[in-house]
Amino acid sequence: MRAHPAQLANEIAELIKEKLLVEVISPEEDLLVEGVLDSLTLIQLLIHLEERFRIRISLEELEIENLRSIGSIARLVEDRKFTSAAGGG
Amino acid sequence: MNILGLSGLEQAVAFKKAHWPGLDEREYRISQGHDAAAALIVDGLPVAAAAEERFNREKHSARFPASAIRYCLDEGGLTIHDIDALVHCFDYSPYRRVYAMNPTTAALYREVYSREALLALVNRDLPGFPENRVFHVPHHLAHAASAYYTSGWENCLVVVIDAMGEAHSASIYRGHARTLDKIAEIPASDSIGILYSLVTLHLGFDFNSDEYKIMGLAPYGDPGRFRAFFEDCVKLRENGSIRIPILECNRTRNERENYTATRQYFEQYLLPKRQPEDEITDDHRDVAAALQECLDRTLLHICGGFGAATGSRRLALAGGVTLNCTANGRLLQSDLFDDIYVQPAAGDDGAALGAALQWAAQMEEVKNTRLPVPFLGPAYSTNQVEAALAEFRNSIDICRCSNLAETCTNAARLIADGRVIAWYRGRMEFGPRALGHRSILADPGRPEMRDRVNAMVKMREAFRPFAPAVSLEQAAQWFEVSPTTELPYMITTVDVRAEFRTELPAVTHVNGSARLQTVSAAGNCEFHTLLQAVGRATGREMVLNTSFNIKGQPIVNTPREAIITFLGTGIEYLFLEDFIICRRGQSKSISKAEPVLEEIGGVHR
Numbered sequence: 001m002r003a004h005p006a007q008l009a010n011e012i013a014e015l016i017k018e019k020l021l022v023e024v025i026s027p028e029e030d031l032l033v034e035g036v037l038d039s040l041t042l043i044q045l046l047i048h049l050e051e052r053f054r055i056r057i058s059l060e061e062l063e064i065e066n067l068r069s070i071g072s073i074a075r076l077v078e079d080r081k082f083t084s085a086a087g088g089g
Numbered sequence: 001m002n003i004l005g006l007s008g009l010e011q012a013v014a015f016k017k018a019h020w021p022g023l024d025e026r027e028y029r030i031s032q033g034h035d036a037a038a039a040l041i042v043d044g045l046p047v048a049a050a051a052e053e054r055f056n057r058e059k060h061s062a063r064f065p066a067s068a069i070r071y072c073l074d075e076g077g078l079t080i081h082d083i084d085a086l087v088h089c090f091d092y093s094p095y096r097r098v099y100a101m102n103p104t105t106a107a108l109y110r111e112v113y114s115r116e117a118l119l120a121l122v123n124r125d126l127p128g129f130p131e132n133r134v135f136h137v138p139h140h141l142a143h144a145a146s147a148y149y150t151s152g153w154e155n156c157l158v159v160v161i162d163a164m165g166e167a168h169s170a171s172i173y174r175g176h177a178r179t180l181d182k183i184a185e186i187p188a189s190d191s192i193g194i195l196y197s198l199v200t201l202h203l204g205f206d207f208n209s210d211e212y213k214i215m216g217l218a219p220y221g222d223p224g225r226f227r228a229f230f231e232d233c234v235k236l237r238e239n240g241s242i243r244i245p246i247l248e249c250n251r252t253r254n255e256r257e258n259y260t261a262t263r264q265y266f267e268q269y270l271l272p273k274r275q276p277e278d279e280i281t282d283d284h285r286d287v288a289a290a291l292q293e294c295l296d297r298t299l300l301h302i303c304g305g306f307g308a309a310t311g312s313r314r315l316a317l318a319g320g321v322t323l324n325c326t327a328n329g330r331l332l333q334s335d336l337f338d339d340i341y342v343q344p345a346a347g348d349d350g351a352a353l354g355a356a357l358q359w360a361a362q363m364e365e366v367k368n369t370r371l372p373v374p375f376l377g378p379a380y381s382t383n384q385v386e387a388a389l390a391e392f393r394n395s396i397d398i399c400r401c402s403n404l405a406e407t408c409t410n411a412a413r414l415i416a417d418g419r420v421i422a423w424y425r426g427r428m429e430f431g432p433r434a435l436g437h438r439s440i441l442a443d444p445g446r447p448e449m450r451d452r453v454n455a456m457v458k459m460r461e462a463f464r465p466f467a468p469a470v471s472l473e474q475a476a477q478w479f480e481v482s483p484t485t486e487l488p489y490m491i492t493t494v495d496v497r498a499e500f501r502t503e504l505p506a507v508t509h510v511n512g513s514a515r516l517q518t519v520s521a522a523g524n525c526e527f528h529t530l531l532q533a534v535g536r537a538t539g540r541e542m543v544l545n546t547s548f549n550i551k552g553q554p555i556v557n558t559p560r561e562a563i564i565t566f567l568g569t570g571i572e573y574l575f576l577e578d579f580i581i582c583r584r585g586q587s588k589s590i591s592k593a594e595p596v597l598e599e600i601g602g603v604h605r
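Chains as they are written, first to last, in my numbering: chain D, 1 to 89; chain G, 1 to 605.
These aren't lab readings, by the way, just hints derived from the structure by calculation. Possibly wrong hints are sitting among the right ones.
Derived DEER-like restraints, expressed as beta-carbon distance ranges [stated by the list, open to error]:
| no. | chain 1 | residue 1 | chain 2 | residue 2 | range |
| --- | --- | --- | --- | --- | --- |
| 1 | D | Leu32 | G | Leu119 | 37 to 43 Å |
| 2 | G | Gly512 | D | Asn66 | 43 to 49 Å |
| 3 | D | Asp79 | G | Asp43 | 41 to 47 Å |
| 4 | G | Arg178 | D | Asn66 | 46 to 52 Å |
| 5 | G | Cys525 | D | Asn66 | 56 to 62 Å |
| 6 | D | Arg56 | G | Lys367 | 40 to 46 Å |
| 7 | D | Glu18 | G | Asp84 | 44 to 50 Å |
| 8 | D | Leu32 | G | Glu364 | 19 to 25 Å |
| 9 | D | Asp79 | G | Glu231 | 26 to 32 Å |
| 10 | D | Glu78 | G | Glu365 | 42 to 48 Å |
| 11 | D | Leu32 | G | Gln264 | 44 to 50 Å |
| 12 | D | Glu14 | G | Pro21 | 35 to 41 Å |
| 13 | G | Gln264 | D | Glu78 | 36 to 42 Å |
All residues carry an ideal CB built from backbone N, CA and C; glycine is no exception.
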């Protein structure tokens, strides 16, 4: 069963705040502009997303655009959860 | 199949110096890829392995291991064109797109971590080697393979813990049926290895180098004083994992690169930073004690947690953190596992071996037999020894023994008489410990011996204890181990039996522990013969065993380095294969108590 998009976005925002100490104001705020998230924090974020939501995110298949905002991360997580539940990658 | 494994990231420190100028030299060690090494696997078995530092004489050298490769090829009777696979123990390729996000990390990826950066070094030092024979293994998988495929166990839990691999600080695997299945990972932002190293740096020692000194300092302190601080630092989670919020507080790029926020937190809430030349006080000892206690607790939690989850009673360990003998000792003493194996080259030099073994496993060639005492480095011929002796003939007196038994008898008599000797035989050890082929030896029963060896040879911190090497037959007599326990790699601390602690002052730490090496006839034959001779002379088949080097230098490799190091120190005799060497003129002042050189046939000049 899919989580409510707003609820998932809130969970991701909380995760980013807790793990990366970054407070994100809105689901569409650009996280990739200088000073919010960088390459190394993104790697850590991916690891935390995998652990929190029990999903696998293949770095080879990952498009950076999927990490640009809380909203896009939520869509990625939802997609991965669905794929995993369906027995896919 | 001939497989060469490699470790090291040559450009890592240079990149950091270019992009973060003006840091303290010790801060540049907060980087990846130290301890470059090469290891050769032929038809699934280790044939040769050595760290590059032993050839270029730069301790912890990260340079592309061209000399170590040359040695491995010589040892295997191969040329570089006979190598089927050259396998590096890092694989950053999955992270390429993420690193490309900003200019600095993109440059870091391109210049240090990328396949292209490795290929440039291969082309520079191994010109003509085909690029399609160069491969990569993820860092923690290489460490895990180094432990599992040398454990000799079909089934076991494999735990890798270091500062960080590409993005993780710990990885847990299940080894079974010659495969490694990853069970869990702990991200680098929760790295117990980095926490330990940052406190090491804060206490005035070197990051990613001097952690063993903090381990040595810890028993002098009171862990209770800072216990709450470190319990607050490292949160143990129910699933065997951990969290270290104090490492997550680094927010800016600079803070994350150098952990400045964490170190500022230490400054405010732990204690002021110590400079290397400052006196070591009770404050430093107490912090070391609490930190070591924290590491012990964390390793028990991680290994115990995943051991319980998997039902595994055998534990194989690798990764730099598992060089911590005290934490390994706590694991051994616990009831969490029936048997524990720590791969002796647990640092990044051993990841070169692991990369090659993992590739051999993927090619279905790996044998998985227990690693013998790792004498995988070079040996030198009698001609090479004699050439070195000839070079220094004006500075030394030389005697030649006729066989190993005579050499051991003479060495044992000198040790029993309170002399400090250097003992050089056969193939060099792989990994950080001298295990009886490049060692300095003395009688562990003399109270003055720790200070003497420290002052005359090592010029090292007086608080650091020396280790005992004891015959396997006598180990349980002197130490709290079962008669069948073999600890051949000097990588685990055990307790000296209470009744013998005063009898073994030079190797018993202040808390009654010792970093034990057991020596068997099967695994370390010549050293065992020496210990038996020492037993006949002293009543104990035991010596103080420390590595044959001086502070800041790698362990000696060649006979020439052995002689130079000997002449530059206060070591009284050098046993170089079956030659006994002393300084020119020293033999004339030999007392009646040490007529060795005269008795065995005179001094050759």
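Evaluated hints:
no., hint, in the structure
1, Leu32(D) - Leu119(G): 37 to 43 Å, "violated (30 Å)"
2, Gly512(G) - Asn66(D): 43 to 49 Å, "violated (57 Å)"
3, Asp79(D) - Asp43(G): 41 to 47 Å, "holds (45 Å)"
4, Arg178(G) - Asn66(D): 46 to 52 Å, "violated (37 Å)"
5, Cys525(G) - Asn66(D): 56 to 62 Å, "holds (60 Å)"
6, Arg56(D) - Lys367(G): 40 to 46 Å, "violated (32 Å)"
7, Glu18(D) - Asp84(G): 44 to 50 Å, "holds (47 Å)"
8, Leu32(D) - Glu364(G): 19 to 25 Å, "violated (43 Å)"
9, Asp79(D) - Glu231(G): 26 to 32 Å, "violated (40 Å)"
10, Glu78(D) - Glu365(G): 42 to 48 Å, "holds (43 Å)"
11, Leu32(D) - Gln264(G): 44 to 50 Å, "violated (27 Å)"
12, Glu14(D) - Pro21(G): 35 to 41 Å, "holds (38 Å)"
13, Gln264(G) - Glu78(D): 36 to 42 Å, "holds (39 Å)"
The structure is inconsistent with the numbered hints 1, 2, 4, 6, 8, 9 and 11, although it conforms to all the rest.
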